[in-house]
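Asker: Letter by letter, the chains look like this.
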Amino acid sequence: MMKTISGNEAVALAVKLARVGVVGIYPITPQTSIIEKLAEMKANGELEAEIIRVESEHAAMASTFGAAVAGVRAFTATASQGLLYMHEMTWWVAGSRVPVVMVVATRAVGAPWNIWDENTDFMSERDSGWLMAFASNPQEALDLTLQAFRVSEDERAYLPMMVGMDGFILSHMKTNVNIPSQEDVDLFLPPRKQPFVLDSENPVGMGNIFPPIEYMRLRNSIHEAITHSEEVIKEVGREYQKISGINNYSTLNVKYKLNDADYAVVLMGAWAGDAMEAIDELRQKGLSVGLYRIRYIRPWSEDEITSALKDKKAILVIDRATSLGRGGPLYLELKATLHHDQMCGVVSGLGGVLLNKGDFKEIISRFVEKAKQGNAKGVGWYYPKGGKKIELKSPRYAEE
Amino acid sequence: MSLSLRDMLKSNSLLSGTSACPGCPENMAMRMVGMALGNDVALIVIAGCSSVIQGLAPRNSYNFPVLNIAFAAGPPAASGMWRAYKQRNKNTTVVVWAGDGGTADIGFGSMSGAAERNENFIYICIDNEAYMNSGGQRSGSTPFGAYTSTTPEGKKENKKEIMFILMDHNIPYLATASVGYPHDFVNKLRKAKQIFGFKYVQVLTPDPYGWMFDPSKTAEVGKLAVQTCYWPLLEYENGKLTVSPESLHCLEKSTRRPLKDFIQVQGRFKRINEEEYKALENYIDSMWEKIKKLMK
Ligand code: SF4
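Heads up: the protein sequence lines correspond to chains A and B, in order. Numbering-wise, the first sequence is residues 1 to 400 according to the working numbering. Numbering-wise, the second sequence is residues 401 to 696 according to the working numbering.
The reader is advised that the hints may include incorrect statements.
[Claimed, not checked] To list a few chain A residues with every Cβ distance to chain B over 10 angstroms, as calculated: (1) E50; (2) D154; (3) S200; (4) N202; (5) I222; (6) H223; (7) E230; (8) E333.
[Said to hold, decoys possible] DSBU-like, lysine-lysine: derived pairs with alpha carbons at most 30 angstroms apart: (9) A:K42 to B:K486; (10) B:K623 to A:K16; (11) A:K42 to B:K678; (12) A:K16 to B:K490; (13) A:K42 to B:K593; (14) B:K555 to B:K623; (15) A:K193 to B:K555.
If you're looking for bench data, these hints aren't it; they were derived computationally from the structure. Backbone N, C-alpha and C fix where the C-beta goes; we use that ideal spot for every residue, glycine too.
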C-alpha cells in the first residue's frame, strides 16, 4: 500500500508490522513523533505492544533491554543528547549480545542548544558494538527498521541494531512510502530468536564478572559477529525484495552513476538526493563523477567499498559529522580502508546548515579541479553562501 | 502469615560457594529472599557487592535467573522484564536488588520513575550505608558522624531517608527490615509478592568490614540497630503507616534502648564526639516524631 507519510510515521509503522512486544519511550526532538504515533496506535487498539513511558533515555534503553532479555521483541528511538544519555546502556546491550532495535533521528549535540540535523550523535556510537544502518529517505527508514529486526535476531548476528535517519529532513518530511502488508511481514519476519532468555525454569546469569581472557573473547566474538553480519544483511535484503519489490537491498551500500566515473563522491543520508541532482548536472557538463552512498557504518564493508572505489582517480568524502581535531568520521573510515593518496574530505551541514544542489555542484567541481592538479588532500569545512531553504525531493533509488 | 523455621530452611536461593566476605549481610538477605519468594523469581542485580558475590562467570551462586546491570538501569530493566513476562503469560516475580548507593544516589531518579509508574516488581534496597564494593565510600544513605573512606572526619550530613520519600510516591507497599530479624523480613517480602505494583523493601545490612565489627556479629548488630531505634521497622500499605512489633517500643523515648549500645559495637563512629553523638540522637528522635505524625 502506498501512503504519504513522514519518516517517523514510517518507523512507527515498521514497529507495528514487526509485532514488537515492548517499546520503551521518552520524547526528544526530532524523534518524538515516532513515540507519539506508537502511543496513538496503542490507544486505538491497533498496537499490541506494551509501552513504557520512562523517565529518561537511559531508562528507555534499559527497559527495552529488560524486555528483550525476558524474551520479547523490543524497540526504542532517540536522538542527540538522548543518545548520549543512553550511551552507557547501548554498550551494555551490545555486550550482552541481545537483539534490540533502535531508530535514531539524528540531531546536533549541545552545547550550545541546536535542534537541527547533524550525524555526529549517530556516528559516536560506532564503537559500541551495534549494527548501524543509515537511511536516506522515509521508505528506507521503514525498510531498514523492518530488516533490522530480522538481522539482529539472526543467530549469526545476535546483536542490537540501530537505524539512523536525518532529523527533520527525513523524520518530518512526508513522501510516498510503500508499506508492506502484515501478512507479508509475518512471512518475512519469523518469531523472535535470541541466545538466552531469562526464565525462572532455567536460571542463567547474565553480565556477572568475567575473567579477563573470557571478557576479551567476548569482545572478539562481537567483532566477528559484526563482520559476519554482512552476509546476513545481504541475505535479509534479498528476502525483503520479495515482499517490497524494492530491488536495492542486495548490497550494503549504494552506487549512483559510479561505475564509469573517474571521480567519486562518498556520503551518507538524506542529502544524497541533492548530491545526485548535482551529479546529473555536472555530468551534462562533461564531468565524470559518480556517487557512493554508505548505508552501513557497521558492518563496514571493506570489500564492497574497495571494489567500488579503488580505481577512481580521486575520492571526495562529505561528512555531516565531525571527529573534532581529525575531520569527519566517514572520511577517517574511508581513509583507513582505501589508503588512496587522492582523497579529500569536506565537513558541512552541521547543526542544520542546509546545502542544496548548487552547493554540491560547487564542492564537487572544486574537488575535481584539485584532483586534476593532483592536489586532492586534507579536510576542509564548507559553509554554504546565503540563506538556504529546504527543497523537498522525491526519493530516488537508482543504483546506476 | 506465620513462618516456621523449617519452612524457611527450604530455600535454596543461594548455592554454596559465594565470593562474599565472611559474615556478609547481603548473603544473609539473599537467602531470605529465596525463603520468602520461592524460585519463580527473576533477579536484577545492579552494580555492587552482589555483582561480585555471585562469583566469576560462567559460575553463579544465585539460584535465580540473574541480569546484572549498570547502576541506574535496574528499575527500568525490571519494568521491561515484567511486561515481557506479562506478554508471555508468565507470573514470575521480578526483583531489583540494589545497594544504598544505587538507590539513594545514582539510581534514585530511575527508581522514582518506576515508582511513579507503579511498575509491578519488588525493589529491595540492601542498605549497608556506604559504597562497600569499592571499599566503603560515603553514600547518600550514610548516617551522620560515620567514618567512611571519603569522610575520614565523619559524615557531616544525615542519612537520606528513602522510605519517607517513597511514601510520597503513593506506592502500594513499602517496608523496612533488618537482617537481624529474618522472620519479619521474610513476612514482608511474602506480603509484597501478593500485591500488584511497585513494592519497596529496604533492609538494613550491617557490613562487618565497612562498619568495623567482628564478622560473627552481623545478626546481632542488625538487632541492635532496631532495639536502639536507630533503624525503624515499618510497613506502609494503602496509605497507612504501621510500626512493626520489634520497633513498637521506639514510639516512646523512655522505652528505647540507649543509642550508645549500637554506636559502640562498631568502629565507624569511633571518632564521634559528645556533641556529634547528641546531634545523631536528636536526629533519631526527630525521625520517630515524624513517624508518629505520619501514623495519624
Ligand atoms: S563488603 Fe560487606 S556487603 Fe560486601 S561482600 Fe563484604 S561483607 Fe558483604
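Asker: A separate judgement is required for each hint: does it hold in the structure or not?
Answerer: Results of checking the hints against the structure:
no.: 1; hint: E50; in the structure: 4 angstroms, violated
no.: 2; hint: D154; in the structure: 21 angstroms, holds
no.: 3; hint: S200; in the structure: 5 angstroms, violated
no.: 4; hint: N202; in the structure: 7 angstroms, violated
no.: 5; hint: I222; in the structure: 16 angstroms, holds
no.: 6; hint: H223; in the structure: 19 angstroms, holds
no.: 7; hint: E230; in the structure: 29 angstroms, holds
no.: 8; hint: E333; in the structure: 29 angstroms, holds
no.: 9; hint: A:K42 to B:K486; in the structure: 16 angstroms, holds
no.: 10; hint: B:K623 to A:K16; in the structure: 54 angstroms, violated
no.: 11; hint: A:K42 to B:K678; in the structure: 57 angstroms, violated
no.: 12; hint: A:K16 to B:K490; in the structure: 23 angstroms, holds
no.: 13; hint: A:K42 to B:K593; in the structure: 29 angstroms, holds
no.: 14; hint: B:K555 to B:K623; in the structure: 23 angstroms, holds
no.: 15; hint: A:K193 to B:K555; in the structure: 51 angstroms, violated
The structure is inconsistent with the numbered hints 1, 3, 4, 10, 11, 15, although it conforms to all the rest.
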